[in-house]
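In case you want the letters, here they are:
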Amino acid sequence: MIPEYLIRALLASVMISVLLGLLSPLINMKGLAFLTHATFHSLLFGAVLGMILGLILGNLGMVMWAALIITIVVVLAIAELEKRGFSPDAAVGIAASFVAGLTVLAFGVLYKVMAEKPYFPFSESIVSYLTGEVFLITLNDLLTLVIGGTLIFFLMLLLYRDFLYVSFDPDGVESYGGNVRAYLMLLYVMVGAIGALIVKTVGLITLQVIAVLPGAIAMMVSSNIRKILGVSLFLTLGVELLSILMAYRTDIPPSGIATIMLGVIYGALLFRR
Amino acid sequence: MEAVSAENVDILYESYIAVKGLSFGIEEGETLLLLGPNGAGKTTLLRTIAGFHRNYHGKLLVFGKTPEDARELISYVPQSHSLNGLVPLKAVEVVSMGAIYKKGFFHFRVPEEALSRAREALSFVGLDDVAERRFSELSGGQRQRVLLARALMSNPKLLLLDEPLSALDPSARAEVAAVLGKIKREKSVTMIIATHDINPLMEIGNRVMLINRKLIAFGTPEEVLRDEVIKSVYGPLARAIKVESRLYCITGDVHLHLKGEQP
Numbered sequence: 001m002i003p004e005y006l007i008r009a010l011l012a013s014v015m016i017s018v019l020l021g022l023l024s025p026l027i028n029m030k031g032l033a034f035l036t037h038a039t040f041h042s043l044l045f046g047a048v049l050g051m052i053l054g055l056i057l058g059n060l061g062m063v064m065w066a067a068l069i070i071t072i073v074v075v076l077a078i079a080e081l082e083k084r085g086f087s088p089d090a091a092v093g094i095a096a097s098f099v100a101g102l103t104v105l106a107f108g109v110l111y112k113v114m115a116e117k118p119y120f121p122f123s124e125s126i127v128s129y130l131t132g133e134v135f136l137i138t139l140n141d142l143l144t145l146v147i148g149g150t151l152i153f154f155l156m157l158l159l160y161r162d163f164l165y166v167s168f169d170p171d172g173v174e175s176y177g178g179n180v181r182a183y184l185m186l187l188y189v190m191v192g193a194i195g196a197l198i199v200k201t202v203g204l205i206t207l208q209v210i211a212v213l214p215g216a217i218a219m220m221v222s223s224n225i226r227k228i229l230g231v232s233l234f235l236t237l238g239v240e241l242l243s244i245l246m247a248y249r250t251d252i253p254p255s256g257i258a259t260i261m262l263g264v265i266y267g268a269l270l271f272r273r
Numbered sequence: 001m002e003a004v005s006a007e008n009v010d011i012l013y014e015s016y017i018a019v020k021g022l023s024f025g026i027e028e029g030e031t032l033l034l035l036g037p038n039g040a041g042k043t044t045l046l047r048t049i050a051g052f053h054r055n056y057h058g059k060l061l062v063f064g065k066t067p068e069d070a071r072e073l074i075s076y077v078p079q080s081h082s083l084n085g086l087v088p089l090k091a092v093e094v095v096s097m098g099a100i101y102k103k104g105f106f107h108f109r110v111p112e113e114a115l116s117r118a119r120e121a122l123s124f125v126g127l128d129d130v131a132e133r134r135f136s137e138l139s140g141g142q143r144q145r146v147l148l149a150r151a152l153m154s155n156p157k158l159l160l161l162d163e164p165l166s167a168l169d170p171s172a173r174a175e176v177a178a179v180l181g182k183i184k185r186e187k188s189v190t191m192i193i194a195t196h197d198i199n200p201l202m203e204i205g206n207r208v209m210l211i212n213r214k215l216i217a218f219g220t221p222e223e224v225l226r227d228e229v230i231k232s233v234y235g236p237l238a239r240a241i242k243v244e245s246r247l248y249c250i251t252g253d254v255h256l257h258l259k260g261e262q263p
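For the record, the sequence lines run as chains A and B. Just so we're aligned, residue 1 is where the first sequence starts under the numbering used here, counting upward by one. Just so we're aligned, residue 1 is where the second sequence starts under the numbering used here, counting upward by one.
One chain only, chain A, in its complex shape (with noise of 0.2 Å):
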């Protein structure tokens, strides 16, 4: 007999391995690593956030919608700073730097509520945040991860051709007639929403990682758009999956696993080239 939570985090992983299969190549041909770590580090301002207000007002749910909000509202700051006249890495940057001065004093303030509060099921969460821990995903963080995840699985498909132009010639774009400010906008907060709803269960140690190197790997073994989307999804599922099983058989924490068998192959790739 399977049990339920293996059930649960091979489906959780299944929706992780199509939402972040699509996206990796993207992150990889537009350049977004460096904006996609700022997210992530948003993600965890938010969550601590989130955590605060959660044993301020006893509601443990608003931890992943706080985590969503400063992340858009990051992503967001970022995009305007671009629109003055930053370069992308010199927006990033400054979001990056509030936001990680941020976290540090957020995690103070936390400390200090927790010191009033009973906190133990919040000190899970913060763990879980950081390590991920798919196995501890409950049905409402499954159901909230698949309507989600399929929401924006299918947004991401039907602009997929517009965020590669976007990536291609974003001038292009624009002297056509399209409005790349409106493009990037949605590729960011995709980037966020996504992170935001897979972060629990991969964590944000390693979900930089998961994000950045399947479509590494694949644009490195093709040049066609198609190939390059297939080797990134079947990867990432493959890689997940087969860390969830072994996780279950040696307790070691599966996004650490995934993590370690994508760069034993990217490594193994360059070392080939």
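These are calculated hints, taken from the structure and not from any lab test. Just so it is clear, the structure is predicted and the values come from calculations on it, not from any experiment. The beta carbon of each residue, even a glycine, is placed where N, CA and C say it ideally should be. Please note that a few of the clues may not be correct.
Only pairs whose alpha carbons sit at most 25 Å apart, straight line, appear in this in silico DSS-like list of lysine-lysine [stated by the list, open to error]: (1) B:Lys157 - B:Lys59; (2) B:Lys20 - B:Lys59; (3) B:Lys102 - A:Lys83; (4) B:Lys187 - B:Lys214; (5) B:Lys65 - B:Lys20; (6) B:Lys90 - A:Lys227; (7) B:Lys90 - A:Lys83.
Not everything, but these chain B residues come out facing chain A in the computed CB check (under 10 Å) [to be verified]: (8) Ser75; (9) Val77; (10) Leu89; (11) Ala99; (12) Lys103; (13) Glu113; (14) Arg117; (15) Phe135; (16) Leu138; (17) Lys214; (18) Phe218.
Which stretches of chain A does chain B cover? Using the computed rule of at least three CB atoms under 8 Å from a CB of chain B, they are [to be verified]: (19) 140 to 147; (20) 153 to 162; (21) 185 to 197.
Starting from the known structure of chain A, arrange chain B on it as the hints suggest.
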């Protein structure tokens, strides 16, 4: 009707004036060759006329409208090496970009009609056989011609070309220049071409504008390409020479040979 007219245009980045006091006008169907050293403001001027850069003072009109309002009449052709080669688009997909953004926000599939027009545009620039090849795998000259095909997809009245001949070998330059000549003859499109190498384009240029963060000279090639004018921008080695009634401009690629050295 004047295709482009500028009166006392200052182009700014924040409060810094990148190009100062430009006044010029070109008629519909004319080709303007925009010449100037690196950092002179050629790309900035093109991007301002294209409506991408909006921080300017003065009066700038494209077919009687502001650049932002004239967007549908303009096609901007960037330098091909400024495009992101990591995106694996086929040549025909790059060209069809020029047709799909007039309608809708989502472009999951390129309509068959746009693909068919893209193939025709590729054929016009002499690239029937590269439609299915990846853009980044094409030669520099082919890439530039693909971008020209893309620019024609929106039936523009004004083509703005940012150094279309840069980083090309002489035969590729000649190919691109020939396509530009064909566009001028068969499409009657007004063109502004920023370039370092004016010589291959001399046959299609009605007017030449020399800038160096301000207007140095504007007029016919004979009026502008005079020794004293180009020396004032490119230094004492620059020259304008006439060979068999054809004018050549030597600006940067001058080779000095010291005594005793083999040329």
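**Study point:** Numbers of unmet hints, in rising order
**Key:** Checked against the structure, the hints that fail are numbers 4, 7, 13, 14, 16, 17, 18, 19, 21, while the rest are satisfied.
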